[in-house]
Amino acid sequence: MSELAGWGNYPKIATEGLAPGRPDAVPALLTSRNGLVARGQGRAYGDAAIGMATTLSSHRLNRFRGFDAATGRLTVEAGVTITEILASFVPRGFFLKVVPGTKFVSIGGAIAADVHGKNHHRDGSFGDHVAALRLALPNGEIVTCSRGENAELFAATIGGMGLTGVIVDATLQMMPIETGWLKQTTHVAANLDAAIGALDATASATYSVAWIDCVASGASLGRSLIFAADHADAADTARLGPQLAPFPDARSAGPSVPSWFPGFALNPLSVRAFNEVYFRRGASRAGAPELVHWDPYFFPLDAINGWNRIYGHRGFLQHQCVIPAANARTVLAAIMDRVARRGTASFLAVLKQLGESHGMMSFPLRGYTLAMDFPITDTLFDFLNQIDALVVAAGGRLYLAKDARQSRETFEAGYPSLPAFRDIRRRIGAGDRLVSHLSARLGI
Amino acid sequence: MTAPKSVLVIGGSSDIGHATALRYAQAGWQVALAARDVSAAQRNADDIKARSGVDVPVHALDVLATDKLADFVGSLPMLPDTVISMIGELGDQKRAETDLAHAAMIMRTNFEAPSLLLGLFANAFQARGSGTIVGVSSVAGDRGRGSNYVYGAAKAGFSQFLSGLRNRVALAGQVRVITVKPGFVRTRMTAHLKLPAPLTVKPERVAADIFRSAEENGREVIYVGRRFWLVMTIICAIPETVFKRLQL
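As given, the protein sequences belong to chains A and B, one line each in that order. Residue numbers for the first sequence follow the numbering used here, beginning at 149 and rising by one. Residue numbers for the second sequence follow the numbering used here, beginning at 14 and rising by one.
No lab work stands behind these hints: they were computed from the structure. A few of these clues could be false.
What the hints assert, rightly or not - Selected chain B positions facing chain A (in silico; Cβ < 7 angstroms):
# : residue
1 : D68
2 : D105
3 : R108
4 : A109
5 : R225
As the list claims (entries may be wrong) - Here are the computed distance ranges between Cβ atoms for each label pair:
# : chain 1 : residue 1 : chain 2 : residue 2 : range
6 : A       : P403      : B       : K18       : 35 to 41 angstroms
7 : B       : A250      : A       : A421      : 32 to 38 angstroms
8 : A       : Q534      : B       : T213      : 42 to 48 angstroms
9 : B       : R181      : A       : N453      : 34 to 40 angstroms
Positions of the beta carbon are idealized from the N, C-alpha and C atoms, including for glycine.
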């Protein structure tokens, strides 16, 4: 037994740990236990990857299986990380179609959470580029799932939070890139309305995302920096950075946040000061396109090892909701207003446009998603329940990969495919066998 | 342009074997694996090929069939520049105390078989006039401990064999022999053991240290991680009268 937590360091729960050494060892472990869920790199924030009794780590299922350069299809075991894929394939001129905000995630986890990137409005989520996967079912059988084979199980597994089986490997569609650089343009938005307008205006860019200042209030409520980017082609780098290597290596590991980092270092004053500096610095660079290295562009926070420790030992919650487009401006304004007035907002807040999704339990829907971090305090849970009420009333929902505390009512209101998902779980015998703390808490 | 150098990793189905082969492949070497468990070695070969784009052949080899070792070395499509033995079997110390066949298997796997095999490669390398031999032994061979002395004794024999082999070939100056003594490594072999975190390293670390020592003119006897050198120096300095009363 050992204590596990997600990236938010809340909750911390003791479970038995197993780590199969190869894919064909998974079925025997799976059928010998109840209350089990698979875990990748532990980057879900809450309790999604903590088994009720047993947690099955994929970290030794870390072998690539094959790459077909003609089709750009790469097959890897579920424990392989995005870090490893990009280290091997950026130098060969390939990139993943979708990457989340950290490269330290496993492929199994990326599929189970159906993660999205800054291009969701154009290219969909991670699962949309999975050609096929192999799934160990609760009865120990390993089946291949794709859009053409076991299609219903495939749709349930994309975004299914590991509750349909244990993903053992997957085939991903990669895309060719001409360089490892991004051509980025920064736009400044003075308030929330302008930010949403700028996201809409930059939606033709491959990647578009807003850093939003949750501390600013009044007329500046929701002031933002919008970063729009496309992969730079050879002509772009020749013009903007002729001295640069076309396929730069990953950045080496940066500093680590020490385990004793005091939680009080983050307070309304320091956050306000950080945001002011960050906003001004970004605004001063707005307008002209610039080249940005792929690693800091997609994974800026990965440069600081263990950045989650800045929130101290109590941990933090990330609240990520999506609000359907029709209601977005007023509802997001109401949420931002409450957050600004509470005065304890984080400096890590992101606003982004999302499109449709295709996994049965996938998070994205057409609208805007807002993600904010909050250090855990006694009053935080009640506060977030109030925010949830606004989300539910607007027809929105919360991202399960970030969740550690939403109510069943909030969850059920947001995920209309839940009855069909439960039905699939019943049919494959997942009910008692595949249980995470998240699934037990939410009654999945 | 010169042809890429080549390495043969024996025990290529193991986690350390995989990590080491990958390290060589990433440095542009041609890599081949040999193992008894061909399907496990093939999984590693597929991984290295997908990551590096280079084909990785797999040879079937049961090192305990010692009468066939000379044929194995002779039948290789080419003699590699470097050969690395990852052969090892922890076994079960308790069982080995009463089950002589089990004890003999541990001794043969950790001492007899890798020594005979690397001896053959040493002869072939000397005949060619070049080559590097890497033997992965263990800190367990530095002093016999009650909890794993059958394995430890076999590793001690292997370490001494490598030491003597190095001495023999050093005089001609064409062949190098590297002894690697990992401490605790988080692998399939040790997956069931509780290991002390400050002294436990990942297979990638062993791989990096092997590559540095063997191919970048590092030292010829290395501990991985380095902290184990200190630990073993202290353990070896304890007088036998005291040592025998310790539970180690």
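Hint-by-hint comparison with the structure:
1. Nearest Cβ of chain A to the Cβ of B/D68: about 12 angstroms, over the 7 angstroms cut. The hint is violated.
2. The closest approach between the C-beta of B/D105 and any C-beta of chain A is roughly 18 angstroms, which is over the 7 angstroms cut-off, so the hint fails.
3. Violation of the interface hint for B/R108 is found here, the shortest Cβ-Cβ separation to chain A being roughly 22 angstroms, above the 7 angstroms cut-off.
4. Hint status for B/A109: violated, given a least beta-carbon distance of 23 angstroms to chain A, over 7 angstroms.
5. Look at B/R225: its Cβ only gets to about 17 angstroms from chain A, farther than 7 angstroms, so that hint breaks.
6. Separation of A/P403 from B/K18 is about 37 angstroms and conforms to the stated range, judged on CB atoms against 35 to 41 angstroms.
7. At about 56 angstroms, the CB distance of B/A250 to A/A421 disagrees with the hint of 32 to 38 angstroms.
8. Between A/Q534 and B/T213 the Cβ separation comes to about 46 angstroms, which falls inside the hinted range of 42 to 48 angstroms.
9. At roughly 47 angstroms, the beta carbons of B/R181 and A/N453 sit outside the given window of 34 to 40 angstroms.
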